[in-house]
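4 protein chains.
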Amino acid sequence: MKETRICIIGGGSRLWAIQFFKDLAYNKMTNGTVVLYDIDHKAAMNNVVVGEQTFRVNDSVGRFKFIAEDNLEKALEGVDLVIISIEPGNIECRKGDLLLPEEYGILESVGDTTGPGGIMRARRALPFFFEFARTIKKVCPNAWVINYTNPMTLCTAALYKAFPGIKALGCCHEVFHTETFIAEKVSEWFDVPVPDRREIKVDITGVNHFTWVTGASWRGIDLMPRLKALSEDPNTYKDLTEVAKKRVEEEKWFDCDHIVALSLLRDFGALGAAGDRHLAEFVPFYLNSDEDFWRYGVVRTPYKWRVEEDKRKKAKVYNDEELKAKLSDEEGVDILRSLMGDRTLYTNINVPNEGQITYLPKGRIVESNGFISENSIRPIISKEPPLAVQNMVRRVSDIQDMTLEAIWNNDEKLLFSAFLSDPLVNLNRDKAKELFDKMLVASQYKQ
Amino acid sequence: MKETRICIIGGGSRLWAIQFFKDLAYNKMTNGTVVLYDIDHKAAMNNVVVGEQTFRVNDSVGRFKFIAEDNLEKALEGVDLVIISIEPGNIECRKGDLLLPEEYGILESVGDTTGPGGIMRARRALPFFFEFARTIKKVCPNAWVINYTNPMTLCTAALYKAFPGIKALGCCHEVFHTETFIAEKVSEWFDVPVPDRREIKVDITGVNHFTWVTGASWRGIDLMPRLKALSEDPNTYKDLTEVAKKRVEEEKWFDCDHIVALSLLRDFGALGAAGDRHLAEFVPFYLNSDEDFWRYGVVRTPYKWRVEEDKRKKAKVYNDEELKAKLSDEEGVDILRSLMGDRTLYTNINVPNEGQITYLPKGRIVESNGFISENSIRPIISKEPPLAVQNMVRRVSDIQDMTLEAIWNNDEKLLFSAFLSDPLVNLNRDKAKELFDKMLVASQYKQ
Amino acid sequence: MKETRICIIGGGSRLWAIQFFKDLAYNKMTNGTVVLYDIDHKAAMNNVVVGEQTFRVNDSVGRFKFIAEDNLEKALEGVDLVIISIEPGNIECRKGDLLLPEEYGILESVGDTTGPGGIMRARRALPFFFEFARTIKKVCPNAWVINYTNPMTLCTAALYKAFPGIKALGCCHEVFHTETFIAEKVSEWFDVPVPDRREIKVDITGVNHFTWVTGASWRGIDLMPRLKALSEDPNTYKDLTEVAKKRVEEEKWFDCDHIVALSLLRDFGALGAAGDRHLAEFVPFYLNSDEDFWRYGVVRTPYKWRVEEDKRKKAKVYNDEELKAKLSDEEGVDILRSLMGDRTLYTNINVPNEGQITYLPKGRIVESNGFISENSIRPIISKEPPLAVQNMVRRVSDIQDMTLEAIWNNDEKLLFSAFLSDPLVNLNRDKAKELFDKMLVASQYKQ
Amino acid sequence: MKETRICIIGGGSRLWAIQFFKDLAYNKMTNGTVVLYDIDHKAAMNNVVVGEQTFRVNDSVGRFKFIAEDNLEKALEGVDLVIISIEPGNIECRKGDLLLPEEYGILESVGDTTGPGGIMRARRALPFFFEFARTIKKVCPNAWVINYTNPMTLCTAALYKAFPGIKALGCCHEVFHTETFIAEKVSEWFDVPVPDRREIKVDITGVNHFTWVTGASWRGIDLMPRLKALSEDPNTYKDLTEVAKKRVEEEKWFDCDHIVALSLLRDFGALGAAGDRHLAEFVPFYLNSDEDFWRYGVVRTPYKWRVEEDKRKKAKVYNDEELKAKLSDEEGVDILRSLMGDRTLYTNINVPNEGQITYLPKGRIVESNGFISENSIRPIISKEPPLAVQNMVRRVSDIQDMTLEAIWNNDEKLLFSAFLSDPLVNLNRDKAKELFDKMLVASQYKQ
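Quick note, the sequences are listed as chains Z, G, C and R, same order. Residue 131 in full-length UniProt numbering sits at position 131 of the first sequence, with consecutive numbering throughout. Residue 337 in full-length UniProt numbering sits at position 337 of the second sequence, with consecutive numbering throughout. Residue 316 in full-length UniProt numbering sits at position 316 of the third sequence, with consecutive numbering throughout. Residue 206 in full-length UniProt numbering sits at position 206 of the fourth sequence, with consecutive numbering throughout.
No lab work stands behind these hints: they were computed from the structure. One should not assume that every hint holds.
A pair counts as met if it fits within one copy or between any two copies, since identical chains are not told apart.
[To be verified] Once the Cα atoms are required to be at most 27 Å apart in a straight line, the calculated BS3-like pairs of lysine-lysine come out as:
| hint | residue 1 | residue 2 |
| --- | --- | --- |
| 1 | Lys383 | Lys138 |
| 2 | Lys28 | Lys252 |
| 3 | Lys362 | Lys383 |
| 4 | Lys137 | Lys2 |
| 5 | Lys246 | Lys326 |
Just chain Z, same shape as in the assembly (with noise of 0.2 Å):
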């Protein structure tokens, strides 16, 4: 295999570069260089330590090379593949996306992918991803590129608004989590031992955080009607109240029984293919009120420990057993494989609707299976979930375009035209507008 340079924009953050850096080093096949770019320097200096920890740890000094680089158009010359994973402004920022729309009874469980908080998200990240892509286009248009960062569809979006001709691909593991729900299930149904997740085939559809599950097989076997049953059993849906009193306890805000999902394939034919509290943002029947919700067993991630996290993340020193590399369940590196020839991939991938997604135009950046193969990343037509899921789905699809028109354009009345269409928003027509007013300035005094 040839040598591989990848550009990390975002190489200082910790989260999602170290886990690459693991799988990086568990996949032997693999060697060149990762540059490493941040707007903070520091951080990405940092993570050069640690990318050649990582190696060190795993056997593998010297198949790698790490550089922290800061000028953006030095960083990504001559490479084959750039990863998008940022902060777009800092942890601050989040402030006004999560506690302004709370003040009028809108609650956000996430707050970063769609809701209030989504939209004033995107309008501080887009812009750094035109800029992104303008500078991919100018320095190595040729390059494969994987954005992480939310809001995922968005940021794709910008990057293929800005340069048309890009090779992005939005990646997100959520539906893996589905997955292992479903292998979980399996285990129970068939009485066997939880099989991979991978060995869950799942037909899947729509936009990202908003996908769902049209048909499911283990070995051949049809899952769609025990899933079915299952959501139609009133046990599934008794009180999860203390279930998430624990969760908020333990601070296990990222935990879900699927629950949400499940109550969407019971009331619109289809499962909900990514995390409850993913999914209870895109519809306005089930986040009206805390109690409502946690009844499900979700709970909210407040503002308040995404800071502190942050500061954690930050302050963070890996000792070697945490570098220690494992088969992970992110497939940036096997992507990678594969976009150089080196394996083929089938799972789910972001990319613009080629047709793949029937139900929505053209362009849009959808959610549904893929095969990955050398140099070529190839959308399969998903299957059609039932009219009330389509609606649902166009409709955040549609506002998401209106998002990235509006601030391609800088055009705050159809921003507000796309605040106010939103599932969340079920304020007067004037209180919504107090409230965008509100978080624009919010958000704009942060950047």
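Following the hints, complete the assembly by docking chains G, C and R onto the known chain Z.
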């Protein structure tokens, strides 16, 4: 002109039927027979008398013969034109439509087109329309059919569902009110007497009662810039609570100042083309409370008044003066004359989408301009409104389609999908289900 | 009615311009100025005289002022209506269009719309239209533009290509001839005097000169069954060679009996709605030899006659009698009056596809019915013809689109793609290339 | 792996069935039962013997059981996989398909997919496929069905027409030949040994036998620029008449040098992805005469040879050596293994269009890449070829759709519409009708 045989289904009703008699009397060119069919046969017989009185008063004795017929097949035999204007179930049925949602905090201003009330009313009405269509197919497949019954889109869709070859048209005068409103503005803007609403040319698009003006002109002058300026003028939105209160006092439930229509223009780029009380029901941001709603000068029609009004209408005896014919704003007779080849008519029509509404699927009942001539009704392509408007209209149209399919297949699960998708239903899911179940019972009981 | 300023591009031409003067004179309501622009300025000046003579003869002196102007920008200044009717290149250019294909066994009956001749004529004409559109954009962007020049679809498309906001319309009277033909049949069938062609209502669909009638009625009577029966009657196809010979002898090149049109109805289910000499050029099965063609009673217009006719027209002196105005079949002035708000018009129009032709891509110039009123031209949805017809029309429209793109981008390879795709080009590939190359030279030489 | 029950309809045939036996024997993982069904039951019984011989020769006695069954319902009972490879009607039927058109100057190189011969062959074949589908629906609705019979698109479409829920797939190896051709070029271009055709990645699009390559790569290297250069090199088109003559002499009817494929790339921008003898039949500019055709090095398969070859095949006795299994280029067994969950396969597939071919209507049988895995065949979106190619493919697909509808409804008028629309039919209309009528008789007589 050849003799025309007209059957009025719901021929015992008062409001619409008697205006139609007057219009018939006013248009001296037409002659023939009017067959009045009504479940309440006595009411139909009463209207025979009123019909004859109307023609006598207008010096047209004998030009039209009036017959009451209580067998539907017989009533339809040999007719050229069928007009449908019924109350599905008795007026008491509306109690559940209107008062149950209110208990859950969902306010409806009309409740016969959309929202929980509209869906339940559809559930009562559609089986009648399936039956009408089947009988028309059998007895008079070539007759033209005009439907005035609400929910108009769904009732018209039901006719096509049961008899795809039917030549049916949904008619509504809401767009005329918008034209009249614009005509009044023209008078202000250009210091001229208020022009006839037919002088205002509007490009319209949408579904009935959620129709939109994308272009308006008078004598070749583009009025959209003035309408937009009006919509952006803060004075337009001064508090009209006192106006609303007076309307309540005077029982002027149907009046409005088109402030909601203008508010939609401000926020979404197209003018609402129906009365405010209709428009407000299709989006979640006007009917949050009566206080909020009154600020726009609009009031909700109370159930109680409806019951009393129904009684009053039924008991009403018409004096000759009231039956004197003059040019009315209803177009029923103009449509009749156009279809018979006596004139042509350019107006708004509700027919299956052949592509006139480019952003909705083919086959849906949609509202656009159309051209009516001898034995022909042809839709005119509507201009595309902004994406935000397309999105809202599509949402509504999809819900209508789900409702139609659910009622056709007697599928309560799907009906709940539609219900939960409705813009007015902002309850948490379990509350929504509770309300739905109660309304199902209330609706069934009366039938 | 307000004063109207009209610019005629190709104002020195004879055939169409002088009919337009007569129509203007006939319609007493209009008044204003006619600006005649022509590359041949002398010809334009001659027509000023004829214009003035026309108005004098018709007792309308002074109602319209006539001006010749040899600067295009100046000619267009302040105009309300632009009419374009030009000969792209001189008449000698048509030699290559018509005679070269004949050398290769490809017979063209008209050769100005489609086939090798149509493509080459487009290549000469379109650069003029790009220029017209750019000047209109600069000088009078709100003017309405009517194009009569062939290839009409492509010339009109060229206007929109260079100025997408142009308000342009392609006009053609071929459909009127079909209406007249049907009117004559109505006279036979119902034993009545031949009705005015405007009494025949036709549903039309397609692209100009390859238009199709999918429905026809007269006084509400569906004429399609009778037309179908006629198309299936073997007598309809009796040998008309003698008729054809006589037409050649009498130089009646434009006459036909609509036998090709009926033959298309027989074999494909919709009636051709243009003269047979036009229809025959769009399919490969009529023009195999003059003998074959003559059997339908149609003859090809010889190049030689065209040259002579061109001379005759230019030399022609009009006597007063010839300029007496009466109701003509051209609709130019009716369109003008409708756009000025003086009447409305329901007729066939050629405008960009907004969805009126459901089986063709949006944006293509297509022919359908339309409704013209004050400052507004709106297409009416056409009914879908049988798939075989859709297929033939789509083929033609795709070739037109390739031709437009090829000329716009000066892409000879793409132009050859279009050429080789043309239904009349049934040569082997290398012969086709040889002919194409020769025609390119012949076409270039003359320009 | 679980036991698999396979039914071969046309199980008495030689060419394809025996290759399948060898492939089954080669893939040691599979086991189960093969049921051979054939109208010619004796032939099926003979193949039982050959099947057993094949497994004996390959040291696999008993791994698969062979049964001949002469009742279709019984043959299909309990099967997992149905393979259809039949000759519709006896070989003499092809006489009319091939020789009658020749009398009218229409040359067909294969005559089983398209052109007059293809249409008539479809007319014979499709009723069988309607019957197969109905029986499958009744007996084994969940079985996977692979069709190899030509006209492959139409036979597969017929299965879906009669049983829309069928899980059927059309298979063809023509694309493999194109891959092999490109592999040979790769060897030349990069001075490497000829790579396995599976190393050549192609993006394909179209309908079977009229498939197109829009992208090709090897080890991540984009091969399209080299293919385009080759297609534009005049040397590519040197006269191959002598090669063709030698092929005639040696009866190498199926060989070609892909010159027609390259010629299409030159003129239309995408590479033909089937043998030249197939490609040439879909357009009117290669088969004008044998002399013209031979210049490309391709020859037409004579009817006479087909008859003799048919006899030879039926009489053939296989010696053990001939039945030794090795990796073959047919993918039947690979598909089987993939569907059974034993591997995955990325290959070209022929299934109903769900949107993978964006320029064709949904539901048509189209050829694209696809991904086959356990109990799942999913199409991959194809890239759009140039408009000229879309146009040609659409024409062909529309004709196929008309042919299917005509045969399904027994509508000879519509069948003639399809016939007259065929690219090879360049006769005048009456001659075309004459030929059509004769072919109808010839085709009927034999059945």
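>> Could you work out which of the previously given hints the structure breaks and list their numbers from low to high?
In response: 2, 5
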